[in-house]
Amino acid sequence: MPLFCNLALTLALALVLFGVGPGQAAPAAPLSEATQACLDCHNEATPGIVADWKRGRMAQKTPAQALKEPQAQRRVSAKDIPAGLMQVAVGCAECHTGNPKSHADSFDHGDHQVHPVVTPADCAVCHPQEREQYGRNPMAHARANLLKNPLYMDLAQQTNGVPQAAGGKISMQPASPAAEAESCLYCHGTEIKVLGQQSRDTGAFGEMSFPKLGGWPNRGVGRKNPDGTVGSCTSCHTRHQFAIEMARSPYTCSECHKGPDVPVYKVYQVSKHGNIFYAMHKQWAMDKVPWTPGKDFTAPTCATCHVSLLADPGGNVIAQRTHQMTDRIWVRLLGLIYSHPQPVSPETWKITNADGQSLATTLDGKPASKFLIDAKEQAVRQKRMAKICQACHAQGWVDGQMARLEQTIKDSDAMVLAATRLMLEIWRQGLAQGPGKGSPFDEYIERVWTQQWLFYANSTRFASAMMGADLGVFDNGRWDLNKTVRHMHDWIKVRSKK
Amino acid sequence: MPLFCNLALTLALALVLFGVGPGQAAPAAPLSEATQACLDCHNEATPGIVADWKRGRMAQKTPAQALKEPQAQRRVSAKDIPAGLMQVAVGCAECHTGNPKSHADSFDHGDHQVHPVVTPADCAVCHPQEREQYGRNPMAHARANLLKNPLYMDLAQQTNGVPQAAGGKISMQPASPAAEAESCLYCHGTEIKVLGQQSRDTGAFGEMSFPKLGGWPNRGVGRKNPDGTVGSCTSCHTRHQFAIEMARSPYTCSECHKGPDVPVYKVYQVSKHGNIFYAMHKQWAMDKVPWTPGKDFTAPTCATCHVSLLADPGGNVIAQRTHQMTDRIWVRLLGLIYSHPQPVSPETWKITNADGQSLATTLDGKPASKFLIDAKEQAVRQKRMAKICQACHAQGWVDGQMARLEQTIKDSDAMVLAATRLMLEIWRQGLAQGPGKGSPFDEYIERVWTQQWLFYANSTRFASAMMGADLGVFDNGRWDLNKTVRHMHDWIKVRSKK
Amino acid sequence: MPLFCNLALTLALALVLFGVGPGQAAPAAPLSEATQACLDCHNEATPGIVADWKRGRMAQKTPAQALKEPQAQRRVSAKDIPAGLMQVAVGCAECHTGNPKSHADSFDHGDHQVHPVVTPADCAVCHPQEREQYGRNPMAHARANLLKNPLYMDLAQQTNGVPQAAGGKISMQPASPAAEAESCLYCHGTEIKVLGQQSRDTGAFGEMSFPKLGGWPNRGVGRKNPDGTVGSCTSCHTRHQFAIEMARSPYTCSECHKGPDVPVYKVYQVSKHGNIFYAMHKQWAMDKVPWTPGKDFTAPTCATCHVSLLADPGGNVIAQRTHQMTDRIWVRLLGLIYSHPQPVSPETWKITNADGQSLATTLDGKPASKFLIDAKEQAVRQKRMAKICQACHAQGWVDGQMARLEQTIKDSDAMVLAATRLMLEIWRQGLAQGPGKGSPFDEYIERVWTQQWLFYANSTRFASAMMGADLGVFDNGRWDLNKTVRHMHDWIKVRSKK
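Chains as they are written, first to last, in this note's numbering: chain A, 77 to 574; chain B, 77 to 574; chain C, 77 to 574.
Honestly, the hints are just simulated from the structure, not real lab data.
Check before you lean on any hint, since a few could be wrong.
For identical chains, the list gives no copy identity; a pair is met inside one copy or between any two copies.
For lysine-lysine, the following BS3-like pairs were computed, each having C-alpha atoms within a straight-line distance of at most 25 angstroms [claimed, not checked]:
1) Lys446 with Lys426
2) Lys348 with Lys269
3) Lys348 with Lys463
4) Lys459 with Lys446
Could you build all of it, start to finish, from the sequences and the hints given here?
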């Protein structure tokens, strides 16, 4: 008994004193020689990165161990992982030295060819399925979807360009690459280009040469990488701990989904789901795989509904993990300028509407149907989402919620149409210079109109989808949709009388 | 000693390994046969609900155990609880099958008459005092207070209606029930009506019949229920864990108290109280009853000041628990259009001012005094609140704070009056069509005026009450109150010259 | 073995059952007789304060113990602490009875001369270095910097004054002291004046006399205190626990740095740094001294970059602690009306630009260079900050980030210049009454212009500095900077035609 006592005590004390919990340091996996060489200097050169990495699972498990997990718990999707990687931690060298020839950013550093920019191709060595799914996601194409759409680029320039006033007249300097990189492309992704090499005195480690990178730093979802790939897994899987609880936290998504154009996180914040998360998540198991509603958590985060593998307490799958977020989304609430069924291809810049614009609808709302998923596919995706809702809600509840969203889509589109008809009238009367004569975004009243669809209609629809009432009423919601129509009407009245 | 050691060890290990803490699963209470029958299917049909419920106190304690708690710690207010409920967990059947005849939503389901909508009458079996107090609260009457007030309904329609533009003219389609349900009535409460029965293939459980409910889903505070009651305890006591730490968390209140019309949560967020909560609450005992300032928590949440039973470390009561939140509130800061003493009756739609409107003040600020509490009752309520402040603040601090609030009420009302005088002038000059000729909310300049009292004056007053400076200055505060007056003046200048 | 077992068990159980963790009650230090006398009544009179204080380090360690900590961990900077304080807890009497003669707010209370307002001079008994550094900080002079700058005071009056409308004309009542105290001076600091004595029935303790304080309550950073000092340590070191994790939490800074004029906290909220904090900080050691990036925390809070002593896991110092926040800041992003190098003196009201205004730049952007730090000092400070970044980021990343900020400063200043040129044109044409003829802030269009530099330019620059893209684009960012220029242009067009 004393012996048992002693053993158990050791365990109890270990648990108490070392606080082994989610994300905390477990015994480390063996290191490759190459990673050990990195750490020999980087323990001192970038101590924060090293300590952060040590907290993570990739420092604690070898790929061989990861592959031995039962299928449902497994977090790697590769069937074959190169033998050289199998028995060591996934450390500095494992991610930053692979495929040196495809990486234009590779450079001689110590005894290795190192590349600063880790890309989806690097992650895909162990996570090929996730990479493949993510590539079918509009987010992976976010850069091209913006840059190759002339209308979007006009809006971007009218946002980021630098206005100048002289003699009462306004002119416009184009946006600088720096401004683009930290505004639109912060999320959509820059292009990382190797501009040359530069030598630098690193202090303790002497003079060293590094590649000079354009478009850096960036971790936008559609980043164009020096190995020719697009995307950045670290947008959500934050370096260098790569904790799954981070990717599952709503905060992560908020980085790109909080502004007035896409206030998804703001809606979540005032929703019942969000309120439960904020109040209770310190008691949850944010890192369990699979993830069990009610047991591991009591309200969904963004990842729950859009990405995660969910199972009931008996292990029955509720939803398969997907990194193609549109798998569970049937309609595109982000109206540019109206909402519409999800596009068939993630490369939305290839859409052409009846008026020849790269938009899924025309200015009066006609959808470019052949580029959009059909009713059958919409139903399939809606059903996938409904099944997740039904883990915690009876079907009557879910049906009622879906019906409201459908009505809100109609109402908000009608409210955009009303403002757009006034805009067309303004252009017709020559009170502002519209398409054909100038940018549709460069005059004051055009910006008032733009906010109707870019801010208020989107806010109202997202509020409906996730039950965040405020955002659909007085906080950039229906109040503002109605106010804008009167604002435009009032503007016309003063000017057209003359 | 080894024996003690072993026993203690088991305890220590149990505590460590099973992480028994707030809201975590303790040993379950025995289940009624009826609840067991529910669980037999619902473990699979709605696993999230079941697992969520198991985390809560109602799954872990029988009413008999709850009644044995010392008075101060007790969370049930009933003196007699039906014998059949006493020895079992408060499970599915206990809440969803009682009073089947009064529930129009009851339907045959398995061997029971089940009603989906649990109402205050159901909760009152164990919590009669809370129900009774809450019924004296304006929140319990939030639906009627909105729907039976013609001016409010006009504002609601001007918010949720769908505008249409043709030939440069604006017309208006009335708001759909779906839009109302997810905007105003999301918080104020829908009416849940049984529209009929519908048959549904439930998959694993075959074809079954369910009631089809109108106004569903909803958990608004003033919901009209199928058993004729009003209100919804689950607005704050979130299903199905019903954790007291959830109701006490400020997040819960934010669901309906964050928009620009009532930015209470936004004020709390930047207040010192809020900042302490966010930084430190992971170390607090959010579930202790009674709740002890300084010991269980070091800054108040919404519940602390407005609802909770508070005691000092010696057990002396600082404030009695109340579910009539107005017990501790003397003035109504939500100005429609001016602030005023709290109404005597929670049914505010019954108020009539000197101009015959269902408002507590006239347009020029005259209070409908006979519908409002008198100075003596105001003093009683203010003193109740001050006593809570004084748990942590000396009286000089509290007096200073109260004096500032009083001044801010005067200033903000004067700023609303200035804008209202301009609005009256606009109507007088015929620059907009006011009362008698049209809605006071349907034109652009009327909406500018509306924001003065609905957004900025409210924001400034709430900021004063809870020391959240930003919201009283540049973030919808005094800056905006002053700006709106100039905006209206500027608007008149351009138009009245002609 | 059983004996060891038993001892260890006691320890394990103590740890588990009493949850000794950050901020939780450790064994208390001995109390002075004077503090014991305070507690005898205040346990009952203000139980919340007492319980809160007991949670803190000052209740648990004597100054003698604190001085024995190794230099790097030490939190007191005094070399000599008066002998009478050395062996007792830092309790009520230690802070509230020192230097009674210098404290105009001292009053006879029990057997002691007590002062309600604890000031930097009181804290400096143990923390002289922190006080001295903080005094070199513009924040310590925030009150005078506002009150002695005529332009700022005009803006304050145009914000807090109470407008009145009669006969279509607007007049203005000056702001009340109460309004000033809870708006600008809430953060900048009031003046605490002893207005007299007042007698009060304290209930259990009978009739007592207290000083009546003007400007109270307040804990603004530049508060003018009854002992002649300025500042308030409790702005950030929140009473009465004074937990270092509170001062290090971003919430604390949000109290004064969240509004649209200085949306620093809002930027942090959507930044990657912020997202990591919110998702992961429950696993962090928020109270370690020194603080080790990657190990104790995995993303910076405000304090990390601006205040804290940072060391790597080997104990090498990354950054020395500073309470002069400008030590690590080279440029002033808060543009009034343009950004500029940090002022040499923290007393910014002493700056005079070429046009004789107390502003660091003229209206057309010319800096008052002799009052601003030179390029060399800017480089020193930037390097200090960069060293902190480099704990977790390679230099290429940091260089790229710094270059973008530099460009954004230029762009945003140019966008302010464009709006300002339009404003000058408006004044020239007599469409509004500008400097010389009236306040530059009292008309509608002047307020539109003010928002350009006070809200949107600041937001864009802070977003750039901390990578919070939204705030630099659509959420009071570049979109709004461009929109305002068009708004002003549109406003001129309608009016100048007549």
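TODO: Give the relationship of lysine 348 and lysine 269 under a CA distance limit of 25 angstroms: within one copy only, between copies only, both, or neither.
DONE: For lysine 348 and lysine 269, only the inter-copy Cα distance (23 angstroms) is at most 25 angstroms; the intra-copy one is 44 angstroms.
- [ ] Pop the pair lysine 459 and lysine 446 into one bin, within, between, both or neither, using alpha-carbon distances up to 25 angstroms.
- [x] For lysine 459 and lysine 446, only the intra-copy Cα distance (22 angstroms) is at most 25 angstroms; the inter-copy one is 56 angstroms.
Task: Identical-chain pair category, lysine 446 with lysine 426, by Cα at 25 angstroms - done: within (12 angstroms within a copy, 56 angstroms between copies)
TODO: Have a look at lysine 348 and lysine 463 and pick one of within, between, both or neither, based on CA distance no larger than 25 angstroms.
DONE: The answer is within: 19 angstroms in one copy meets 25 angstroms, while 32 angstroms across copies does not.
This entry satisfies every hint, going by the numbered hints stated previously.
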